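Visitor: Listed here are the chains, written in short residue letters.
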Amino acid sequence: MSEVPVVSLEGVSKSFNGVEVLRDIHLEVARGEVVSVLGASGSGKSTMLRCINWLEQPDRGTVKINGEHIGVDAQGKQMSVRALASLRARTGMVFQSFNLWPHLTVLQNVIEAPVHVKRIPRSRAVEEALALLDKVGMGHKRDAYPYTLSGGQKQRVAIARALAMAPEVLLFDEPTSALDPELVGEVLAVMRALSLDGYTMVVVTHEMEFARAVSDQVVFLDKGKLIERAPPERFFTAPESERVQRFLATHR
Amino acid sequence: MNSQTWLLLLEGAWTTVWISAVSIAIGVVLGLGIALVRMLRIPFVDQLLVLYVSIARATPLVTLVLFIFLVAPTFGIVMNRNLAAILALTLNTAAFNAEIWRGAFLSFSKEQREAAMACGMTPWLCFRRIMLPQMITVSLPGLVNEMSFLIKGSPAIAVIGIVDLTRVTNRISAVTYEPLPPILAAALLYMVVIYALIQLQALAEWRAHRLAV
Chain V
1 MSEVPVVSLE GVSKSFNGVE VLRDIHLEVA RGEVVSVLGA SGSGKSTMLR CINWLEQPDR
61 GTVKINGEHI GVDAQGKQMS VRALASLRAR TGMVFQSFNL WPHLTVLQNV IEAPVHVKRI
121 PRSRAVEEAL ALLDKVGMGH KRDAYPYTLS GGQKQRVAIA RALAMAPEVL LFDEPTSALD
181 PELVGEVLAV MRALSLDGYT MVVVTHEMEF ARAVSDQVVF LDKGKLIERA PPERFFTAPE
241 SERVQRFLAT HR
Chain H
1 MNSQTWLLLL EGAWTTVWIS AVSIAIGVVL GLGIALVRML RIPFVDQLLV LYVSIARATP
61 LVTLVLFIFL VAPTFGIVMN RNLAAILALT LNTAAFNAEI WRGAFLSFSK EQREAAMACG
121 MTPWLCFRRI MLPQMITVSL PGLVNEMSFL IKGSPAIAVI GIVDLTRVTN RISAVTYEPL
181 PPILAAALLY MVVIYALIQL QALAEWRAHR LAV
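Keeping their order, the protein sequence lines are chains V and H. End of the first sequence sits at 252 in this note's numbering; the numbers just go up one at a time, nothing left out. End of the second sequence sits at 213 in this note's numbering; the numbers just go up one at a time, nothing left out.
One or more hints might be untrue.
Unchecked claim - The list that follows gives simulated cross-link-like pairs (lysine to aspartate or glutamate, DMTMM-like), each with its CA atoms no further than 25 Å apart:
#1 141(V) / 99(H)
#2 118(V) / 111(H)
#3 152(H) / 205(H)
#4 141(V) / 197(V)
#5 110(H) / 197(V)
#6 110(H) / 180(V)
#7 118(V) / 134(V)
#8 64(V) / 111(H)
Said to hold, decoys possible - What follows is a list of derived Cβ distance ranges for each label pair:
#9 99(H) / 216(V): 52 to 58 Å
#10 205(H) / 177(V): 32 to 38 Å
#11 51(H) / 10(V): 57 to 63 Å
#12 108(V) / 188(H): 42 to 48 Å
#13 182(V) / 205(H): 31 to 37 Å
#14 10(V) / 52(H): 55 to 61 Å
#15 36(H) / 16(V): 25 to 31 Å
What the hints contain is simulated information worked out from the structure, not anything from laboratory work. A quick note: this is a predicted structure, and the numbers were derived from the prediction, not measured. Just so it is clear, CB atoms sit at the ideal spot from N, CA and C, and this is done for glycine as well.
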């Protein structure tokens with residue numbers, strides 16, 4: 001792995017009100033790799049993911065996107081709002097609660113950032129957005145407002161919105177946890193297709209089957225520590241740590 | 001009432017409408033500005049704005065109008081009546097509007113803001129494209145209420161000699177010795193103006209159903 005990792009966390013730690021939620025996390029994600037992040041609730045999975053695009057600021061450690069420091073530079077100086085924004089534009093995030101913008105239609109949600117952040121011409125943005133909406137199976141809803149959509153449809157639009165910025169890495173924060181069970185499948189299917197397209201993805205999830213079938217690597221967080229990292233076959237059949245064995249036993 | 005009296009009434013109504021409209025327009029924007037600056041929590045400036053909002057909200061309009069009109073000359077400022085009236089109404093309504101905008105700002109969804117940040121928007125772009133359109137929809141009912149209060153409170157500007165829609169009724173009845181017809185006619189004109197405003201509220205409601213996700 002001589003190539004620069006798309007995401008790298010080095011010694012990332014963070015506390016909320018004196019409680020350590022991340023302890024000295026080291027993680028590298030290579031281009032095209034799908035990394036699933038597992039762990040009990042409160043183990044720090046989401047916080048770790050949110051440190052990657054600096055929605056949470058680590059107290060210590062460095063985060064790099066494609067080798068470039070995000071948030072603070074190599075000298076530890078806070079970067080400008082503008083510089084931070086343009087680095088974030090190179091990542092895409094999909095949230096548990098979708099977070100679509102309710103005053104905009106499906107199509108407008110998808111083209112908003114390409115047009116106003118990347119400043120690409122509207123006609124081209126629309127063309128690309130429609131292709132992405134077709135990819136996630138939402139092309140027929142281009143003029144609908146989010147409140148008319150089901151959870152699964154909202155999440156697929158949110159995925160198209162993240163893809164529209166042509167990000168170098170997609171960050172998924174429990175993308176199916178807020179969905180009715182019968183809607184989980186349609187979102188996972190889209191994510192599976194993205195992994196086959198070669199997207200680099202970091203997925204915080206409770207979907208064991210998905211993690212097993214789609215990931216290249218599975219990492220496990222326990223009380224803010226990254227205690228296991230392994231390819232899925234090994235992770236699910238022969239985990240090293242006793243904590244992971246217990247976790248898998250209760251989640252089978 | 002003859003056509004001459006109606007003409008006088010309409011003139012008064014026009015005075016009320018244009019002075020209120022100018023004050024409302026400035027007051028809505030100024031209120032937003034005050035709310036935004038307060039969100040930045042700049043020491044001293046913040047306390048100053050809190051003080052302004054408290055005083056402006058607590059002062060009766062008549063008192064504020066008189067105060068501005070009478071105090072300006074002592075600072076060497078030549079203040080015509082209309083300008084004093086607009087200044088007083090604006091200072092009053094901006095304070096109330098600032099609180100309405102602030103409420104909309106504080107209750108804005110953190111999740112939506114994060115989604116905007118995550119795709120590379122700067123805070124300013126996020127405010128302009130994501131927050132403001134929704135804040136307008138959410139605030140409009142409150143803002144329209146405040147606008148109608150302002151119009152109904154605008155007869156206060158008569159104390160410095162402006163002949164508005166209420167003042168003109170006194171003038172008419174002083175000549176005709178029949179106070180009731182002009183007052184009823186004035187009430188009708190106030191209602192027409194307020195009714196037009198309330199249509200804005202209907203627009204806001206029509207747009208608001210989308211936001212309830």
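Visitor: Between residue 99(H) and residue 216(V), does the beta-carbon spacing fit 52 to 58 Å?
Guide: 53 Å, holds
Visitor: Going straight from one Cα to the other, do residue 141(V) and residue 99(H) come out at no more than 25 Å?
Guide: Roughly 38 Å separates the two Cα atoms, so the pair is violated.
Visitor: 55 to 61 Å was suggested as the range; check whether the CB atoms of residue 10(V) and residue 52(H) agree with it.
Guide: Violated - the Cβ-Cβ distance for residue 10(V) and residue 52(H), about 49 Å, lies outside 55 to 61 Å.
Visitor: Straight-line Cα separation of residue 64(V) and residue 111(H) no greater than 25 Å?
Guide: 24 Å, holds
Visitor: Measure nothing beyond the straight line between the CA atoms of residue 118(V) and residue 111(H); if it is 25 Å or shorter, mark the hint as holding.
Guide: 22 Å, holds
Visitor: Run the distance test for residue 152(H) versus residue 205(H): straight-line Cα separation, threshold 25 Å.
Guide: With a Cα-Cα distance of about 23 Å, the restraint between residue 152(H) and residue 205(H) holds, given a limit of 25 Å.
Visitor: Does 57 to 63 Å hold as the CB distance between residue 51(H) and residue 10(V), or does it fail?
Guide: For residue 10(V) against residue 51(H), whose Cβ atoms are near 48 Å apart, the range 57 to 63 Å is violated.
Visitor: Within 32 to 38 Å or not, the Cβ separation of residue 205(H) and residue 177(V)?
Guide: Cβ of residue 205(H) to Cβ of residue 177(V): about 33 Å, so the range 32 to 38 Å holds.
Visitor: A range of 25 to 31 Å was offered for this pair. Does it hold for the Cβ distance of residue 36(H) and residue 16(V)?
Guide: 28 Å, holds
Visitor: Has the given pair, residue 141(V) with residue 197(V), been kept, meaning a C-alpha gap of at most 25 Å?
Guide: 24 Å, holds
Visitor: Could you grab the alpha-carbon distance between residue 110(H) and residue 197(V) and see if it respects the 25 Å cut-off?
Guide: 32 Å, violated
Visitor: Looking only at beta-carbon atoms, does the pair residue 182(V), residue 205(H) fall within the given range of 31 to 37 Å?
Guide: Given range 31 to 37 Å: holds, Cβ gap about 34 Å.
Violated hints, listed in ascending order, are 1, 5, 11, 14; each of the other numbered hints is respected by the structure.
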